[in-house]
Amino acid sequence: ANEILAAAKNEGTAIKKKEDVHRMAESNRAFAHLAW
1 ANEILAAAKN EGTAIKKKED VHRMAESNRA FAHLAW
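Residue numbering for the sequence shown follows the working numbering, starting at 1 and increasing by one per position.
It should be emphasised that the hints constitute simulated quantities derived from the structure, not laboratory data.
All of these numbers come straight from a predicted model, not from anything done at the bench.
Just so you know, not all the hints are guaranteed correct.
Claimed, not checked - No farther apart than 25 Å at their CA atoms in a straight line, the calculated lysine to any residue pairs in the SDA-like style are these:
hint	residue 1	residue 2
1	Lys-17	Leu-5
2	Lys-16	Ala-1
3	Lys-18	His-33
Given only the sequences and the hints, what does the whole structure look like? Please build it.
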């Protein structure tokens, strides 16, 4: 049971990390045209 909980928790962090990366990519895209 602990393994399942750990896996679910790990999946949660992975999803959060993916969302953070997405957000950063969108921010960078928003500012990319300012750099030119």
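Quick rundown of the hints versus the structure:
Using a Cα cut-off of 25 Å, the hinted pair Lys-17 and Leu-5 holds, with the two alpha carbons roughly 18 Å apart. For a cut-off of 25 Å, the pair hint linking Lys-16 to Ala-1 stands: about 23 Å separates their Cα positions. At most 25 Å may separate the alpha-carbon atoms for a hinted pair to count; Lys-18 and His-33 meet this at roughly 24 Å.
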